[in-house]
Amino acid sequence: MTEEKKAQPIERVSVIVSKGSLEGVYPGLIMANGARMEGIEASLFFTFFGMDAIIRKRLDHLKVATVGNPGMHMPTLLGALPGMSAFATAMMKREMKRLDIPPVGEFLQMFHDAGGEIYACKASVDMFHLGKEDFSPLVDDIITVGEFYEKSAGAQIIFT
Amino acid sequence: MTEEKKAQPIERVSVIVSKGSLEGVYPGLIMANGARMEGIEASLFFTFFGMDAIIRKRLDHLKVATVGNPGMHMPTLLGALPGMSAFATAMMKREMKRLDIPPVGEFLQMFHDAGGEIYACKASVDMFHLGKEDFSPLVDDIITVGEFYEKSAGAQIIFT
Amino acid sequence: MTEEKKAQPIERVSVIVSKGSLEGVYPGLIMANGARMEGIEASLFFTFFGMDAIIRKRLDHLKVATVGNPGMHMPTLLGALPGMSAFATAMMKREMKRLDIPPVGEFLQMFHDAGGEIYACKASVDMFHLGKEDFSPLVDDIITVGEFYEKSAGAQIIFT
Numbered sequence: 001m002t003e004e005k006k007a008q009p010i011e012r013v014s015v016i017v018s019k020g021s022l023e024g025v026y027p028g029l030i031m032a033n034g035a036r037m038e039g040i041e042a043s044l045f046f047t048f049f050g051m052d053a054i055i056r057k058r059l060d061h062l063k064v065a066t067v068g069n070p071g072m073h074m075p076t077l078l079g080a081l082p083g084m085s086a087f088a089t090a091m092m093k094r095e096m097k098r099l100d101i102p103p104v105g106e107f108l109q110m111f112h113d114a115g116g117e118i119y120a121c122k123a124s125v126d127m128f129h130l131g132k133e134d135f136s137p138l139v140d141d142i143i144t145v146g147e148f149y150e151k152s153a154g155a156q157i158i159f160t
Numbered sequence: 001m002t003e004e005k006k007a008q009p010i011e012r013v014s015v016i017v018s019k020g021s022l023e024g025v026y027p028g029l030i031m032a033n034g035a036r037m038e039g040i041e042a043s044l045f046f047t048f049f050g051m052d053a054i055i056r057k058r059l060d061h062l063k064v065a066t067v068g069n070p071g072m073h074m075p076t077l078l079g080a081l082p083g084m085s086a087f088a089t090a091m092m093k094r095e096m097k098r099l100d101i102p103p104v105g106e107f108l109q110m111f112h113d114a115g116g117e118i119y120a121c122k123a124s125v126d127m128f129h130l131g132k133e134d135f136s137p138l139v140d141d142i143i144t145v146g147e148f149y150e151k152s153a154g155a156q157i158i159f160t
Numbered sequence: 001m002t003e004e005k006k007a008q009p010i011e012r013v014s015v016i017v018s019k020g021s022l023e024g025v026y027p028g029l030i031m032a033n034g035a036r037m038e039g040i041e042a043s044l045f046f047t048f049f050g051m052d053a054i055i056r057k058r059l060d061h062l063k064v065a066t067v068g069n070p071g072m073h074m075p076t077l078l079g080a081l082p083g084m085s086a087f088a089t090a091m092m093k094r095e096m097k098r099l100d101i102p103p104v105g106e107f108l109q110m111f112h113d114a115g116g117e118i119y120a121c122k123a124s125v126d127m128f129h130l131g132k133e134d135f136s137p138l139v140d141d142i143i144t145v146g147e148f149y150e151k152s153a154g155a156q157i158i159f160t
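Residue numbers (the working numbering), protein chains in the order written: chain A, 1 to 160; chain B, 1 to 160; chain C, 1 to 160.
Calculated from the structure, these hints are not laboratory results.
It is possible that some hints are incorrect.
Here's a subset of chain A near chain B, in silico, CB distances under 7 Å, partners left out [what the hints assert, rightly or not]:
#1 A7
#2 Q8
#3 G34
#4 E38
#5 V67
#6 G68
#7 E95
#8 T160
Away from chain A, derived, C-beta distances all over 10 Å, residues of chain C [to be verified]:
#9 K6
#10 I30
#11 K57
#12 H61
#13 M84
#14 E95
#15 L99
#16 V104
#17 Q109
#18 M110
#19 D113
#20 G115
#21 H129
#22 S136
#23 T144
#24 A153
Backbone N, C-alpha and C define an ideal beta-carbon position, used for all residues, glycine too.
Extracted from the complex, chain A is given alone in its bound form (with noise of 0.2 Å):
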């Protein structure tokens, strides 16, 4: 106990988010606003299908994979008829909406207006042909992993 708290506390915490779906997206976002709300600093970095939840047009159209997840207590098969993901969607985002749990734009700016940092990965928007008219205007800069690192200076970085 006495060990525990000469540890040192958790201060930065750069979250990488790097799978598109909403399952994929949701931990990063909470696990990044979590720290805010405790007073820790914290910083966004999207990188590859990531970078759904900060391009503008999709951001509030992600869906729940409902095959390759067993989690989800599903038959393959059933899990990829047509309407499977939809309605997993709809589902979730139901149960976050009873939660207060805002949806991914609002989350940005919710986090972005406490002084979280979003970032998105340079080599991810030349690969998918995108540019900074794309993201959502909360997105502080488009950096490389080199200068990830440096701004992730006294972190933990956790990918997700």
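Given chain A's structure and the hints, the job is docking chains B and C onto it.
Here is chains B and C on its own, set in the frame of chain A:
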């Protein structure tokens, strides 16, 4: 070499388990348990679908995902056949038994007996309408993301 | 700002690669290599399906997963068609070539030449019945989770 000797050894890890498939849960269990066996303080924090690993009725019935994972080296349509996940699951369990890697329930017990802490994520518990009675009695507490950060003072956070 | 200057810069990263698809392997390679290019010490630790990236016969034949990833923006049943994974893989490889991101084999060579360390996870090696001869000669050693923690003294652990 001398530099490496001066480097701060890992003294505590906080391992987050977020995926519900068998191959999604084991890496986190192995990382956390491997830490304890080295004398490193360790806690497990189960969130989203990863909670299946601590839900009493589910923890010994986790399955391998046979689609959405090219690492399985199985054509997608073959992987989607009803029996394939059960087949791959049986194979992985047999291999793990051969290596003395215990089933999930025993693994949690071994980790807990060795002083490891086990937590469930409050937001996920609420989202999936669960209560304390649904969980393995080894779960020490249901905690918020903020409490997770407090308990992670001095720790490496590992999100799996 | 002055606070940020006092923060401890990232001096070492231990990147774990646990997924076998092309989009599962590259984030870890990019994080580890990006660290080396910034003068940060870096090691790669391949475990579970991520080992495909260092298995001699597989490392240049990794594929993109076209199901189970809504980020692909492809209907599940379409993604399950036999040719779709090969098609998405060819597209991603072309984009990466355009950005001078090398194929997996060359990427590992570049990382290793720059002083990066490459390890395979002993438990996974045993589980999949592999031997040293199955791996790229760039693999420095097959190590246990305990040894991984020892080598990670002073490092940020990044699980991908």
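Going through the hints against the structure:
1. The criterion of a C-beta within 7 Å of any C-beta in chain B is met by A7 (chain A), whose closest approach is roughly 3 Å, and the hint holds.
2. Given hint, Q8 (chain A) at the interface with chain B, holds; its Cβ is 5 Å from that chain's nearest Cβ, closer than 7 Å.
3. Checking G34 (chain A) against chain B: minimum C-beta separation of about 3 Å stays under 7 Å; hint holds.
4. Contact between E38 (chain A) and chain B, as hinted, is supported at the beta carbon level, the nearest pair being about 5 Å apart and thus within 7 Å.
5. Interface restraint check: V67 (chain A) against chain B, minimum CB-CB distance 5 Å, threshold 7 Å, status holds.
6. Restraint check, G68 (chain A) versus chain B: the minimum CB separation of about 2 Å is within 7 Å; hint holds.
7. Interface hint at E95 (chain A): satisfied, since its Cβ lies 5 Å from the closest Cβ of chain B, which is below the 7 Å cut-off.
8. Because the beta carbon of T160 (chain A) sits about 5 Å from the nearest beta carbon in chain B, less than 7 Å, this interface hint is met.
9. Non-interface status of K6 (chain C) relative to chain A is broken: a Cβ of that chain comes within 10 Å, the nearest being about 8 Å off.
10. Listed as a non-interface residue, I30 (chain C) fails to keep its Cβ farther than 10 Å from every Cβ of chain A; the least gap is roughly 6 Å.
11. At roughly 25 Å from the closest C-beta of chain A, the C-beta of K57 (chain C) stays outside 10 Å, upholding its exclusion from the interface.
12. Listed as outside the interface, H61 (chain C) is consistent with that label: its C-beta sits roughly 20 Å from the nearest C-beta of chain A, beyond the 10 Å cut-off.
13. At roughly 13 Å, the least C-beta separation between M84 (chain C) and chain A is larger than 10 Å, which holds for a residue marked as non-interface.
14. Its beta-carbon lying about 5 Å from the closest one in chain A, E95 (chain C) breaks the requirement of being farther than 10 Å from that chain.
15. For L99 (chain C), the shortest C-beta to C-beta distance to chain A comes to about 5 Å, within the 10 Å cut-off, and the non-interface label is violated.
16. Under the 10 Å C-beta cut-off, the non-interface status given to V104 (chain C) relative to chain A holds; the minimum distance is some 16 Å.
17. A cut-off of 10 Å between C-beta atoms confirms that Q109 (chain C) is not in contact with chain A; the least separation is 19 Å.
18. Even its closest Cβ contact with chain A, about 14 Å, leaves M110 (chain C) beyond 10 Å, as expected for a residue assigned away from the interface.
19. Non-interface call for D113 (chain C) relative to chain A: holds, since the shortest CB-CB distance, roughly 18 Å, exceeds 10 Å.
20. For G115 (chain C), the shortest C-beta to C-beta distance to chain A comes to about 16 Å, beyond the 10 Å cut-off, and the non-interface label holds.
21. Look at H129 (chain C): its CB is around 24 Å from the nearest CB on chain A, clear of 10 Å, so calling it non-interface holds up.
22. Listed as outside the interface, S136 (chain C) is consistent with that label: its C-beta sits roughly 23 Å from the nearest C-beta of chain A, beyond the 10 Å cut-off.
23. Even its closest Cβ contact with chain A, about 22 Å, leaves T144 (chain C) beyond 10 Å, as expected for a residue assigned away from the interface.
24. Its beta-carbon lying about 15 Å from the closest one in chain A, A153 (chain C) satisfies the requirement of being farther than 10 Å from that chain.
When the structure is compared with the earlier hints, violations turn up for hints 9, 10, 14, 15 and for no others.
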